[in-house]
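So the sequence lines, in the order shown, correspond to chains C and X.
The working numbering applies: residue 1 is where the first sequence begins, and numbers increase by one.
The working numbering applies: residue 1001 is where the second sequence begins, and numbers increase by one.
Hints are not guaranteed to be accurate.
Derived DSSO-like pairs: lysine-lysine, alpha-carbon spacing no greater than 30 Å straight-line [claimed, not checked]:
| no. | chain 1 | residue 1 | chain 2 | residue 2 |
| --- | --- | --- | --- | --- |
| 1 | X | Lys1016 | X | Lys1069 |
| 2 | X | Lys1002 | X | Lys1197 |
| 3 | C | Lys289 | X | Lys1240 |
| 4 | X | Lys1016 | C | Lys282 |
| 5 | C | Lys282 | X | Lys1240 |
| 6 | C | Lys112 | X | Lys1194 |
| 7 | X | Lys1002 | C | Lys112 |
| 8 | C | Lys194 | X | Lys1146 |
| 9 | X | Lys1246 | C | Lys319 |
| 10 | C | Lys112 | X | Lys1146 |
| 11 | X | Lys1246 | X | Lys1105 |
| 12 | X | Lys1105 | X | Lys1002 |
| 13 | X | Lys1201 | C | Lys282 |
| 14 | X | Lys1105 | C | Lys317 |
| 15 | C | Lys317 | C | Lys194 |
| 16 | C | Lys319 | X | Lys1240 |
| 17 | X | Lys1002 | C | Lys289 |
| 18 | X | Lys1018 | C | Lys133 |
| 19 | X | Lys1016 | C | Lys133 |
| 20 | C | Lys282 | X | Lys1018 |
| 21 | X | Lys1246 | C | Lys317 |
| 22 | X | Lys1194 | X | Lys1002 |
| 23 | C | Lys17 | C | Lys282 |
| 24 | X | Lys1240 | X | Lys1050 |
| 25 | X | Lys1020 | C | Lys133 |
Just so you know, the hints here were simulated from the structure itself, not pulled from any lab data.
Please read these numbers as outputs of a predicted model, since none were measured by experiment.
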Amino acid sequence: MGNVLVVAELQAGVVRKVTLDTIAFARQAVDVIGGQVHVLVLGDGVDAQAAEIAAGHGADVVHAGNGAAFANYIAENFTPAVVQAAEAVDAEIVCAPSSMFGKDLMPCVAAKLGAGMVSDATEVFDDGGVRFKRPLWSGNVITTLEVTTPRKVATVRTTEFEAISGYADASVQAFTADVGARDDAEFVSFDQVKSDRPELTDAAVVIAGGRGLGSGENFDMLMTLADQLGGAVGASRAAVDSGYAPNDWQIGQTGKVVAPNLYIAVAISGAIQHLAGMKGSKTIVAINKDGDAPIFEVADYGLVADAFTAVPELTEKLKSLGIGS
Amino acid sequence: MKIVTTVKRVTDPDMKVKIKPDGTGIVTDGVEYRMNYFDEYGVEEAIRLKQEHGGEIVVVSVGADASTKEIRTALAMGADRGILVETDEELDSDAVARVLAEVIKEEAPDIVLMGKQSVDTDRNQAGQMLAAYLGYPQATFAFELKVADGWATVGREVDGGTSTKRVKLPAIVTADLRLNEPRYASLPGIIKAKRKKIDRKTPGDLGVDTANRVNVLQYEAPETRAAGQIVESVDELIEKLRTEAKAL
Ligand SMILES: Cc1cc2nc3c(=O)[nH]c(=O)nc-3n(C[C@H](O)[C@H](O)[C@H](O)COP(=O)(O)OP(=O)(O)OC[C@H]3O[C@@H](n4cnc5c(N)ncnc54)[C@H](O)[C@@H]3O)c2cc1C
Ligand SMILES: Nc1ncnc2c1ncn2[C@@H]1O[C@H](COP(=O)(O)O)[C@@H](O)[C@H]1O
């Protein structure tokens, strides 16, 4: 069979970088199973986005599926379109980023295709057949999986794949899906958290704060530091639960997975569920006033200090050294 | 209003998992189990819906005989009766969804409340697959749920913010952690739960072939990070980040 179909994710009409990372996974997959990398972009007026994805990121064919039913994502409308595209291109592997979008959509696609599904794939390889690796138990176990069905569905842990550029441009085709309107599910609204900072999952630097900060206002000093370094701000679940930070900032087993070049954890104890979301970072710094906090076990550099003095001092010194903006 | 809520027995996340030396699974000796955290939020939401709309809460688990313990916990919290679909096999989420689909067809509830994700296998699949098998609409990652006039309005946690979706009942809703604060079972609740009924079935009784579509070939530990160092000052931190880690 061969062929991989990537379902592109757009957010408010913008191509998310996780889509391009997923195409990098798809290239790894066609090295194993053969065939071409197809990308399906669904929306209402997505020709520009299809062209953007086609521009050298590793796809062979990009399918632009325009239709009023796709104006706003709901699984009920996207599922039949993805299933039809998977059949049309005879995809052996159908994948999407392991974002909230991919997690919501792909199990439906798998069920409808009668396909086995791998969540959070970190690797695809050949070992007498196609194999996938994925983390589970909050990142404490890695399993190697075999999917026994002819078609296979996966969500991709995009922190493990680097978007490709400079690849030959893909051809762009129109894709027409036969999707009847469902009257039992309606998109109502998307309330976007507006920010000038880079997206958490894309940022090279992430400054994350925990419950130890004590209030939402105290996150301001993390934002100042993040702005100095051109980074994003994240949070532990306890900080989100306490209302100090929006839910979209949560990093961990049940939040986002990030793997920046530099991760600075401020007043975060380092619970296993938090580590699951940031352990893959290249360099980890922990600032915590408790020298016994478990975060120090994974930190490359630990500073036992009060965040309220250490963070402003760090920002000031970086500024005076001209590091960052 | 009839509500079905699902509970999975999982290893206690506060415990360290150990992998068998031959990589065939995790060590289960001496391991403690509990109800999947996300399912507690589903059960709690079911109780709140019943308080508002009246009705019945049926709690379902698919798993070994020991899963009756998690069913009892849900009954002690306030669910009305239980169903155990007994199997000693380790099922993938797809097989679980196909089993649950048959139970739901028999029970014909107005709403199915599930967790968004098992905290052991971290798959995040069963609810969505169940919706696809039943042809029900779905609202995943719920942090807010309102039911009125045969529809559920659900606030959902999504990347980049939050989203609102409306689904017509019967529907599948999966819970995120901010949906509510699950209650503890009270002593009277625990006593009452002892008299509540738990039906037992097998996947075979339901006509479901539970052959997995995904097989685990090997379990291994992730690479560990090398131990780091403690720096004495912000100056030293900046110095090391520049020269050693080259992260600045
Ligand atoms: C099913 C489940 C899923 C979960 N998923 C996630 C997840 O995805 N992400 C996540 O993060 N958590 C998750 N958790 C929660 C996790 O177990 C921890 O409770 C949480 O990570 C703790 O957050 P924290 O480190 O901010 O708070 P705490 O554990 O309260 O730690 C606060 C830290 O701040 C330090 N501190 C206090 N004041 C200062 C100061 N002035 N200066 C410096 N340091 C200070 C303290 O020493 C302490 O170490 C999950 C839990 C469960 C059960
Ligand atoms: N064996 C099971 N028995 C009952 N419910 C389950 C079972 N497995 C999964 N579920 C439900 O499906 C949700 C998602 O599971 P999963 O796909 O395993 O992450 C869980 O939170 C449970 O509510």
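Against the structure, the hints:
With a CA separation close to 22 Å, the supplied pair X:Lys1016 and X:Lys1069 stays within the 30 Å bound. Of the pairs offered as hints, the one joining X:Lys1002 and X:Lys1197 holds, with about 16 Å between alpha carbons and a cut-off of 30 Å not exceeded. Distance restraint check for C:Lys289 and X:Lys1240: the Cα-Cα separation of roughly 20 Å lies within the 30 Å cut-off, and the hinted pair is therefore satisfied. Proposed proximity of X:Lys1016 and C:Lys282 is supported: the alpha carbons are some 24 Å apart, at most 30 Å.
Between C:Lys282 and X:Lys1240, the direct Cα distance comes to roughly 14 Å. Compliance with the 30 Å bound is thereby established for this hinted pair. Proposed proximity of C:Lys112 and X:Lys1194 is contradicted: the alpha carbons are some 40 Å apart, above 30 Å. A hinted pair counts as satisfied when its Cα atoms are at most 30 Å apart, and X:Lys1002 with C:Lys112 qualifies at roughly 27 Å. A distance of roughly 26 Å separates the Cα atoms of C:Lys194 and X:Lys1146; the hinted pair therefore holds under the 30 Å criterion.
For the suggested pair X:Lys1246 and C:Lys319, the alpha carbons sit about 17 Å apart, so the restraint of at most 30 Å is met. Simply put, C:Lys112 and X:Lys1146 have alpha-carbon atoms about 29 Å apart, close enough for the 30 Å limit, and the pair holds. Distance check on the hinted pair: X:Lys1246 and X:Lys1105 sit about 59 Å apart at the alpha-carbon level, beyond 30 Å; violated. Only pairs whose Cα atoms come within 30 Å are accepted, and X:Lys1105 paired with X:Lys1002 is accepted, the gap being roughly 13 Å.
Using a Cα cut-off of 30 Å, the hinted pair X:Lys1201 and C:Lys282 is violated, with the two alpha carbons roughly 50 Å apart. For a cut-off of 30 Å, the pair hint linking X:Lys1105 to C:Lys317 is broken: about 64 Å separates their Cα positions. With a CA separation close to 29 Å, the supplied pair C:Lys317 and C:Lys194 stays within the 30 Å bound. Distance check on the hinted pair: C:Lys319 and X:Lys1240 sit about 17 Å apart at the alpha-carbon level, within 30 Å; holds.
With a C-alpha separation of about 50 Å, the suggested pairing of X:Lys1002 with C:Lys289 is violated against the 30 Å cut-off. As the CA atoms of X:Lys1018 and C:Lys133 are separated by approximately 18 Å, the hinted pair is consistent with the 30 Å bound. In summary, the hint linking X:Lys1016 to C:Lys133 is supported, as the alpha carbons are separated by about 21 Å, within the 30 Å threshold. Between C:Lys282 and X:Lys1018, the direct Cα distance comes to roughly 26 Å. Compliance with the 30 Å bound is thereby established for this hinted pair.
For a cut-off of 30 Å, the pair hint linking X:Lys1246 to C:Lys317 stands: about 17 Å separates their Cα positions. At most 30 Å may separate the alpha-carbon atoms for a hinted pair to count; X:Lys1194 and X:Lys1002 meet this at roughly 22 Å. A distance of roughly 19 Å separates the Cα atoms of C:Lys17 and C:Lys282; the hinted pair therefore holds under the 30 Å criterion. Proximity of X:Lys1240 to X:Lys1050 is assessed by CA-CA distance (about 58 Å); at most 30 Å being required, the pair is judged violated.
Restraint check: the Cα-Cα separation between X:Lys1020 and C:Lys133 comes to about 18 Å, which is no more than 30 Å; the hinted pair holds.
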